[in-house]
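These protein sequences, in sequence, are chains H and Z. Under the UniProt record's numbering, think of the first position of the first sequence as 1, with each following residue one higher. Under the UniProt record's numbering, think of the first position of the second sequence as 1, with each following residue one higher.
Treat the hints with care, as some may be off.
Treat identical chains as interchangeable: a pair holds within one or across any two.
[Stated by the list, open to error] Listed below are the simulated SDA-like cross-link pairs for lysine to any residue, each with C-alpha atoms no more than 20 Å apart in a straight line:
id, residue 1, residue 2
1, Lys115, Ala190
2, Lys236, Thr40
3, Lys48, Gly129
4, Lys160, Gln93
5, Lys180, His120
6, Lys35, Val235
7, Lys160, Ser126
8, Lys161, Asp249
9, Lys57, Glu142
Quick caveat, the hints were computed from the structure, so don't treat them as lab data. It should be emphasised that the depicted structure is a prediction, and the values quoted were computed from it without experimental measurement.
2 protein chains.
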Amino acid sequence: MSGPASLGTLKMTITYYHAEPLANSLKSMIPLKEKGIAYTSTYVDLHKFEQHSDWFKAINPEGQVPVLDHAGTIITHTTVINEYLEDVFPDQQPESGPLRPTDPAGAARMRYWNKFVDEHVMNHVSMHGWHRLVGVIARNVENGEFEKLMEHVPLPDQRKKWMQARSGFSDADLALATEKIEYALNKVEAQLGETPYLAGTHFTLADINFYSHCGMMVERMFPDLEVAKHFPRMVKWRDIVTARPAVADALSSEDRTAPGLRTWSGDR
Amino acid sequence: MSGPASLGTLKMTITYYHAEPLANSLKSMIPLKEKGIAYTSTYVDLHKFEQHSDWFKAINPEGQVPVLDHAGTIITHTTVINEYLEDVFPDQQPESGPLRPTDPAGAARMRYWNKFVDEHVMNHVSMHGWHRLVGVIARNVENGEFEKLMEHVPLPDQRKKWMQARSGFSDADLALATEKIEYALNKVEAQLGETPYLAGTHFTLADINFYSHCGMMVERMFPDLEVAKHFPRMVKWRDIVTARPAVADALSSEDRTAPGLRTWSGDR
């Protein structure tokens with residue numbers, strides 16, 4: 001703050017704008033901590049719709065967390081942020097090995113899984129989370145007031161999702177999402193029968209991705225799937241990931257969600 | 001075949017399994033040609049459902065083209081293939097510059113656009129293409145015979161898409177897809193007002209992605225959108241991309257689609 005700062009130090013300044021340590025916000029927080037990158041943490045309060053506020057949209061016009069600000073270079077979307085951190089800090093790696101494999105075939109396996117989680121997992125868990133959490137928040141807003149809030153949501157798809165969360169997702173949509181999650185769990189379980197981590201022998205960004213969007217909360221959120229019984233390798237893998245000091249540190253960061261609404265995070 | 005081949009030559013052997021030069025199959029063919037990588041081209045005949053045949057599923061269990069076989073290392077999914085080619089052949093680049101920017105911020109912009117095309121463009125153009133082309137192919141198969149073919153489709157989502165293509169997508173779904181394409185065109189048009197290419201000053205994998213999945217065919221496939229009138233920068237950019245020798249070369253490769261069904265490719 002008041003100390004001397006060289007231009008070099010300023011140039012390296014990183015700010016991470018994020019919400020609760022789960023899903024997207026967790027997904028880029030883990031690599032920052034695994035790599036030991038110093039950063040300023042700025043909490044964006046989704047309960048107060050801060051992600052749609054003018055000050056935040058001046059940083060990310062899409063109005064979504066998280067955002068990485070690296071000395072003025074703004075990076076959004078967690079899969080992109082995490083590759084960026086590998087490009088900028090290739091040598092800062094956990095003892096377990098690089099988060100992005102350095103051999104091209106390994107990097108391809110990591111990206112294959114990242115794509116699968118981004119396109120076939122994330123949105124389905126998210127729908128259940130929105131249904132149970134964001135829907136409650138949205139319904140607590142008065143008519144008229146809600147429509148005004150929606151005017152501040154820049155992405156049309158995101159606006160639709162808010163409106164659907166308020167009215168409630170259909171049983172058919174929720175059932176389809178559960179089916180996709182079960183498909184993903186089977187796929188992960190099969191992979192973990194071949195290799196200890198998703199992309200091979202080492203912990204990578206692919207594990208961080210599936211963990212943040214599904215692995216960490218799937219057993220608690222979907223008791224009907226009997227996760228412990230049907231996906232024992234996934235549970236063991238999840239516990240290994242949870243026990244990593246960087247992950248534990250990330251999970252312990254601020255959570256302002258009302259305890260009754262902690263569908264994703266559970267009681268902390 | 002019968003000539004002498006050193007182990008070194010064998011190790012570099014690349015085979016690209018692909019269908020017609022459009023969408024996915026085009027998307028990884030362009031980088032191969034832009035980078036001047038020698039490869040064996042193996043045509044997979046989608047009109048004969050070869051992608052679901054046992055010989056092909058032995059190569060890609062997901063039963064989808066294209067596939068890159070690099071001396072036995074199998075890479076699938078075009079965004080992953082294209083990053084892999086950058087990782088393996090970083091120095092083989094067109095005169096216009098590297099297909100993946102070498103500065104981290106540039107690579108992040110490229111990946112931002114790749115993600116956008118993969119998640120918010122590709123499937124929507126694809127739905128219209130399937131409706132007009134694959135639906136006709138699927139309806140030409142007898143009942144009973146069709147169900148048998150479906151048993152060979154390994155991905156459940158893909159099976160659903162085939163069945164939907166056969167019965168026809170709903171007007172509501174098709175209209176929503178068109179709306180998303182229009183949104184994408186507006187976004188691209190705005191970006192091309194800022195920079196000559198999607199990720200900045202140079203032609204990159206992001207341009208190849210949008211071109212292959214939307215830019216090359218959008219004007220012809222969606223006359224109602226009045227593309228030339230509303231998206232003049234996109235049209236100019238498209239013509240610049242089409243004129244690149246590597247792109248022209250890729251576009252001239254084999255197309256077995258019956259002329260009347262060339263919804264994507266048009267008359268060649």
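Outcome of the hint check:
| no. | hint | verdict |
| --- | --- | --- |
| 1 | Lys115 with Ala190 | within (17 Å within a copy, 26 Å between copies) |
| 2 | Lys236 with Thr40 | neither (33 Å within a copy, 43 Å between copies) |
| 3 | Lys48 with Gly129 | within (17 Å within a copy, 42 Å between copies) |
| 4 | Lys160 with Gln93 | neither (39 Å within a copy, 42 Å between copies) |
| 5 | Lys180 with His120 | both (7 Å within a copy, 19 Å between copies) |
| 6 | Lys35 with Val235 | neither (25 Å within a copy, 43 Å between copies) |
| 7 | Lys160 with Ser126 | within (14 Å within a copy, 22 Å between copies) |
| 8 | Lys161 with Asp249 | neither (31 Å within a copy, 43 Å between copies) |
| 9 | Lys57 with Glu142 | neither (24 Å within a copy, 54 Å between copies) |
Violated hints, listed in ascending order, are 2, 4, 6, 8 and 9; each of the other numbered hints is respected by the structure.
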